[in-house]
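Turn these sequences into a full structure, and let the hints guide you.
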Amino acid sequence: QLQLQESGPGLVKFSETLSLTCTVSGGSISDTSSNYYWVWIRQPPGKGLEWIGSIHYTGTTFYNPSLESRVIISVDTSKNQFSLTVRSVTDTDTALYYCARGQANWFDPWGQGILVTVSS
Amino acid sequence: DIQMTQSPSTLSASVGDRVTITCRASQSIADWVAWYQQKPGKAPKLLIYKASTLQSGVPPSFSGSGSGTEFTLTISSLQPDDFASYFCQQYTRYPLTFGGGTKVEI
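From first to last, the protein sequence lines stand for chains A and B.
In this text, residue positions in the first sequence follow this note's numbering: the first is 5, and each later residue adds one.
In this text, residue positions in the second sequence follow this note's numbering: the first is 610, and each later residue adds one.
Keep in mind that a hint or two might mislead.
Each computed PhoX-like pair below joins lysine-lysine, with the alpha-carbon atoms no more than 25 Å apart [claimed, not checked]: (1) B:LYS651 with B:LYS712; (2) B:LYS712 with B:LYS654; (3) B:LYS654 with A:LYS51; (4) A:LYS51 with B:LYS712; (5) B:LYS651 with A:LYS51; (6) A:LYS17 with A:LYS51; (7) B:LYS648 with B:LYS712; (8) B:LYS659 with B:LYS712; (9) B:LYS659 with B:LYS648; (10) B:LYS648 with A:LYS17.
These are calculated hints, taken from the structure and not from any lab test.
All values reported here derive from a predicted model rather than from experimental measurement.
See the structure below:
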């Protein structure tokens, strides 16, 4: 059974860089049997869901234009991980960050999520 | 961007009720819609994709319908475990976008 687990610091200072990693277990991130993408999604406290971006194991990426100038998503197939970097964080980046597998751009399964708070 | 407008934002219901949640897209998205259930403190769970295809393991009390710009998620008989928030999502084009959510409460 495929499982995803987010990891990284829960507190990031204003204007600094947020870095998270998603570790995939129970399957290969470079599975070629289906055209999977690996995805980051976030949810500010008490609010809705925002797609951040997606990456294929080959390195092809798609980003939300609202975040594209500050975001990088990368993949490390040797570690079965993919990562998220968000530069110059502000209060609006405080959120629960989820990683998930994308199949035809719906998402299943999801990681349990990690709360990242931006502090001043 | 394609806007997904969900209604209602909150829905009060009782066990055994039939519940319908609507999602309207700002432009036609064929049937490229997914629905998710989220319980407090938990990650969203995929219920339905391609507007009406039930994900494996999801009870048949859940169903989805619609195409173009209007979509519905129906729970035929609400169970205690179904009290949660529900989100729609379009995946016809980037950026992928979600509806604002519907909280189903007692």
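Structure-based check of all given hints:
1. B:LYS651 with B:LYS712: holds, 14 Å
2. B:LYS712 with B:LYS654: Holds: LYS712 (chain B) and LYS654 (chain B) sit about 15 Å apart, inside 25 Å.
3. B:LYS654 with A:LYS51: Holds, because 17 Å separates the two Cα atoms, which is no more than 25 Å.
4. A:LYS51 with B:LYS712: Holds, because 12 Å separates the two Cα atoms, which is no more than 25 Å.
5. B:LYS651 with A:LYS51: holds, 14 Å
6. A:LYS17 with A:LYS51: Measuring from Cα to Cα gives roughly 22 Å; hence the hint holds.
7. B:LYS648 with B:LYS712: Status holds; Cα separation ~10 Å.
8. B:LYS659 with B:LYS712: With a Cα-Cα distance of about 22 Å, the restraint between LYS659 (chain B) and LYS712 (chain B) holds, given a limit of 25 Å.
9. B:LYS659 with B:LYS648: At roughly 22 Å apart (the allowed maximum being 25 Å), LYS648 (chain B) and LYS659 (chain B) satisfy the hint.
10. B:LYS648 with A:LYS17: Violated - the C-alpha atoms of LYS17 (chain A) and LYS648 (chain B) are around 29 Å apart, more than 25 Å.
In terms of the numbered hints stated before, the structure departs from hint 10 and from no other.
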